[in-house]
Amino acid sequence: MRLKLNVNGRDMTADDVWEGESLLYVLRERLGLPGSKNACEQGECGSCTVYLDRVPVCACLVAAGQAQDREVGTVEGLADEEELAPVQRAFIDEGAVQCGFCTPGLLVAADDLVNRVPDPSDAEIREALAGNLCRCTGYEKIMAAVRTAAERNAGTGISESTGGDRE
Amino acid sequence: MDFLRPACWSEALEAKANHPDATPVAGGTDVMVELNFDHRRPETLLDLTRIEQLREWSRTERDGVASVRIGAGVPYSRLIDELGTSLPGLAMASRTVGSPQIRNRGTLGGNLASASPAGDGHPPLLASNAEIELESVRGSRTIPIGEFFTGVKRTAMAPDELVAAVHVPVSTGPQQFSKIGTRNAMVIAVCTFAIALWPDRRGVGTGLGSAAPTPRPATEAEAFLAAALTDADQWDDPRPLPDSITERFGELVAHAAAPIDDVRGTAGYRTHALRVLARRTLSWAWDEYRGDTEFSGRQRCA
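Residue numbers (full-length UniProt numbering), protein chains in the order written: chain A, 1 to 167; chain B, 1 to 302.
Keep in mind that the hints were calculated from the coordinates and are not lab data.
Check before you lean on any hint, since a few could be wrong.
What the hints assert, rightly or not - From the structure, some residues in chain B lie toward chain A, with a derived Cβ separation under 10 Å:
| id | residue |
| --- | --- |
| 1 | Phe37 |
| 2 | Asp47 |
| 3 | Ala185 |
| 4 | Arg280 |
Unchecked claim - Derived list of chain B stretches under chain A, where covered just means 3 residues or more per stretch with a C-beta under 8 Å from a C-beta of chain A:
| id | region |
| --- | --- |
| 5 | 101-113 |
| 6 | 263-271 |
Don't be surprised by glycine CBs; every beta carbon is placed ideally from N, CA and C.
From just these sequences and the hints, can you work out the full model?
Structure follows, in structure tokens:
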């Protein structure tokens, strides 16, 4: 089937999509957006987290056909032309990236949190990231990065979610 | 594979009537796992995410009881955000489902239709005597949750039926839910227990999950506790519960279970854990009931 959807603010079309494949497969293999990572394929690890109509979901659990005419935001859409998103900048500054495999999913989950909750507590951060597994860092640097991103967000007054349509 | 994408409820019922073998998919948190791992290759997928009406909930009255009618497509995250006060037990159970990503997608209708013995949404629905509204092109019917589950992943639904909604009475007293697992997130329950106190009708509701081939209530435990509370005039004048009552309640809950050994735990552990969960959740609920009664001088009204 032919699939039409909006990804990171751009209308896209994928052809010969098999009805049973996931949105993750479409993004990575058909639309050239390999930022979202493929690991567990059962919603356990969160490395494929994307925005679907501005809500974070596991792309591996969205049937391709369910994304028809929907708005998808991937890690590739977090930064604008000029600048990294606050969460991306903070992950770099705090050294929250080791092997990097879980990072795209964590960035989307963290981006959603800091745009939704102005001053998240540690408990709120842990809860928001509970669906994203990292096997390198022990999470401490990730926690620090999300705190930093939230503080910087508060400083700039950004509070609207930008998922999926940062243009 | 065919992918059917009905735009409205009547189209969905039409599609299910024409393709009774079609696999309905909403949040995809079960169906897509089976597809990704090649455990299943349904000939037809029936996407229910475009049907706006399934994503709505409303306040209703059923036989004089204030209730909430929850469309089958309302995701867990909204049950938590929007219905935590009216349906606290269901909201607590919803908070234990998967992760934020899973709760954003997974639905109560999917939880019911999948009918896993470990479904987190089932015990609080049992404790509230919820009713399931099923619909097909032939018409609509509503059945008590106690008659919905017929076996492991089997339900009373006809092949042409879809879950339209769930009717849950609004809480009139404390409700609690507890779940055993290896961590807080991303856990399929080792076992779960839900309790609801209904001071308005002097009743007690319970629900056990991951404890038998189907989710089930502990009816003897419910009757015992309700009678014990009434006999001691505890509903109107709540005092600390004697250990004999909580112990016996725990015992009767454990007796209601018929668990198996599996990768998540042994039958023996599950039986033991249920007894503990039953005592514990009863203590929490009772403390809340006493606190509310003391504070307001009368029973809490949700």
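Results of checking the hints against the structure:
no. : hint    : verdict
1   : Phe37   : holds, 7 Å
2   : Asp47   : holds, 5 Å
3   : Ala185  : holds, 3 Å
4   : Arg280  : violated, 22 Å
5   : 101-113 : holds (count 4)
6   : 263-271 : violated (count 0)
Checked against the numbered hints given earlier, this structure breaks hints 4 and 6; the rest are met.
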